[in-house]
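Just so you know, the protein sequences line up as chains Y and E, in that order. Take 693 as the starting number for the first sequence in this note's numbering and just add one per residue. Take 11 as the starting number for the second sequence in this note's numbering and just add one per residue.
Be aware that one or more of the hints could be misleading.
Said to hold, decoys possible - Okay, derived cross-link-like pairs now, DSBU-like style, lysine-lysine, Cα gap no bigger than 35 Å in a straight line:
| no. | chain 1 | residue 1 | chain 2 | residue 2 |
| --- | --- | --- | --- | --- |
| 1 | E | Lys179 | Y | Lys761 |
| 2 | E | Lys179 | Y | Lys798 |
| 3 | E | Lys13 | Y | Lys809 |
| 4 | E | Lys136 | Y | Lys736 |
| 5 | Y | Lys788 | E | Lys12 |
| 6 | Y | Lys905 | Y | Lys894 |
| 7 | Y | Lys788 | E | Lys13 |
| 8 | E | Lys12 | Y | Lys761 |
| 9 | Y | Lys736 | E | Lys12 |
| 10 | E | Lys13 | Y | Lys798 |
| 11 | Y | Lys809 | E | Lys68 |
| 12 | E | Lys12 | Y | Lys798 |
As the list claims (entries may be wrong) - To spell it out: a stretch of chain E is covered by chain Y in this simulated footprint if at least three of its residues, at any positions, have a beta carbon under 8 Å from a beta carbon of chain Y; those stretches are:
| no. | segment |
| --- | --- |
| 13 | 94 to 104 |
| 14 | 122 to 136 |
For the record, the hints were derived by calculation from the structure and aren't laboratory data. Glycine included, C-beta positions come from ideal geometry on N, C-alpha and C.
Residues per chain, in single letters:
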Amino acid sequence: MSFSVHPGEVIGFLGPNGAGKSTLLKIMAGLLEANAGRVAVFGKSVAENPRIASMNIGLMLENNPLPQKLRVGEYLRFRARMKGIASAEIHRHVEKIMRYCDLYYKARHRPIASLSKGFRQRVGVAEALLGTPSVVILDEPTIGLDPHQILLFRQLIETFRGRYTFIISSHILSEIEVLCDRVLILHQGRLIADGDVTHLRKEFISHITLTLKLQCDASQITAFEKKYPQWKYRLLRTDVSRHSHTLAIDFPDQVEEKRAVWEAVFAYDAWKILETEEKKPTLEDIFLVATRRYWDSESLKL
Amino acid sequence: MKKFYFLCANELRMMGYSSVAYVVAVAFLLTMGFLFLFLLEEYTRFAQSELLAVAFFKTFWIPTLLVVPAITSSIFANRLEDGTFASLRVLPIRLSSIIMGDWLVAYSYYMILWTMALFFPWITQKMFPEVAQQMPFFPMSFTLGGWSFIALSGSFFIAIGLFTSSWVKSSLVSGVLTFVLLLAHFLSGEGLRRWEALTGKTFGSHLWSPDYYNVFLQMEDFCRGIVDTRVLVFYLAGTIFFLFLAHLMLSRHAV
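With the hints as extra help, turn the sequences into a complete structure.
In structure tokens, the structure reads:
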């Protein structure tokens, strides 16, 4: 695989379990040696200059391991010192980061062991941001967080958007879709997709789905399908007692097609429309198609 | 060097927050206090062939067998288990500095405990001067010699503990391994000597004798002010060897 990351970007790493996301992130951070290939930060190889990685990359590891007995402020000051921040700057810098991460008033004197999962994640992010690194890598930062904490985490990353380059690995696809400017999908150690969500949508799923809840006879639906054979139809559900059907129509993601579908649906007076929902493919759909496509191509090779 | 200092200071702080450190200190001082009292009682009752100081220092293996595994077993094992070791590796500091920092802190703690134990004879001398007058108590030269051997051998024992802690991810297993290795070290020299006495066979050669590895004889020599360079070399080389093994183990652990 080969890719580059540009300043200020928020990159999302996706992949099934065992795809190699964490391994790749560790190689990028200089924690693991690669068998082959090259990771460079500002053009300098991480393998040849391990300090390049430690000075320019802030890393929050998967599961966010933190020393339980230390207090938040103590821990962050220790990490700041170790990252080479000047003694005179440490208190100001750590205080600033703690304020950014909403730790200053609520948690700075508290032992890490007493913090909630959400606050621990904040400590992990704060630690990664210490020393103003060029790249901040967050491995599964939202794992185990409740929806409120996920929202707070998202707001935290939004605060820093543009100031840092983020590489975020996650299983929560909706999270990546909302947060990231660009998505990289990894599978079995290979990069199978790279681009923003719009680009990936075009590459992997070029259609939009219009879901209709209709009241009519099944024969009317068949007649509609025959009248407009250019679109794909999927009958999702039928409720015989109420004479209702849920029909999905897949059509190309183009303005003219969209207009044509809507006009055709409303012009067809043999059914009564109860509900409509137009849905673009989500990152989850893209992810499933991309991985399936990779499996298919691999099985063809065999 | 500055980062090494910060690392050591942090390790010391972590040790300060650890209840294990206090439990170990109390257990150590109680054990040493009991041993001292026992010896003192024996010495006031019967005449003995060796000084009380030598006999006191020769009991060093008992607390060492308990204290060294307790101090060192969790240093790397726990961190490898909970992942904090990996987060330490992210920092711009060499692995060798991390190992040296941990060794230094554990070793300092071990030596502080032993230095505190030396207050027992001092307290007794101050509280019961009549006992001190009856017999030569803890001559300074013997005390210094014994303390020096504790310091020399302690560096080796702590290095063994760090090695086992870097080897396995369970602090319990690491503690047991350290205990077994230390016990083997304590018993091997004395065991070989007794075996020689029983069988009449001699081990070693004109260059080497099992007595060189007999920690109890080594302690006796140090208390008398005899410093054998072979013993010095053995413990210093052993310390370096086990620290090197710890480095090897930790660099091979997947983070």
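Can you confirm whether the C-alpha distance between Y:Lys788 and E:Lys12 stays at or below 35 Å? holds (24 Å)
Is the straight-line distance between the alpha-carbon of E:Lys12 and that of Y:Lys761 35 Å or less? holds (23 Å)
Take the C-alpha atoms of Y:Lys809 and E:Lys68, compute the straight-line distance between them, and say whether it is at most 35 Å. Between Y:Lys809 and E:Lys68 the Cα gap is close to 51 Å, so the pair fails against 35 Å, i.e. violated.
Within a Cα-Cα threshold of 35 Å, do Y:Lys905 and Y:Lys894 meet the stated pairing? Since the Cα atoms of Y:Lys905 and Y:Lys894 sit roughly 27 Å apart, the hinted pair holds (cutoff 35 Å).
Agreement of E:Lys13 and Y:Lys798 with the hint, judged by alpha carbon distance not exceeding 35 Å: holds (29 Å)
Check of the segment 94 to 104 of chain E against chain Y for coverage (Cβ-Cβ below 8 Å, three residues minimum): holds (count 8)
Y:Lys788 paired with E:Lys13 [C-alpha distance capped at 35 Å]: holds (22 Å)
Is the Cα-Cα distance between Y:Lys736 and E:Lys12 35 Å or less? Between Y:Lys736 and E:Lys12 the Cα gap is close to 26 Å, so the pair holds against 35 Å.
Chain Y covers the segment 122 to 136 of chain E, three or more CB atoms within 8 Å, holds or violated: Since 0 is below three, the answer is violated.
For the pair we were handed, E:Lys12 and Y:Lys798, check the Cα-Cα distance against 35 Å. At roughly 31 Å apart (the allowed maximum being 35 Å), Y:Lys798 and E:Lys12 satisfy the hint.
Checking one constraint from the list: CA of E:Lys136 to CA of Y:Lys736, max 35 Å. Satisfied? It is violated: about 67 Å lies between the C-alpha atoms, which goes past 35 Å.
Decide if the proposed pair is consistent with the structure: E:Lys179 and Y:Lys798, CA atoms, cutoff 35 Å inclusive. Since the Cα atoms of E:Lys179 and Y:Lys798 sit roughly 34 Å apart, the hinted pair holds (cutoff 35 Å).
Going through the hint list in order, the structure does not satisfy hints 4, 11 and 14.
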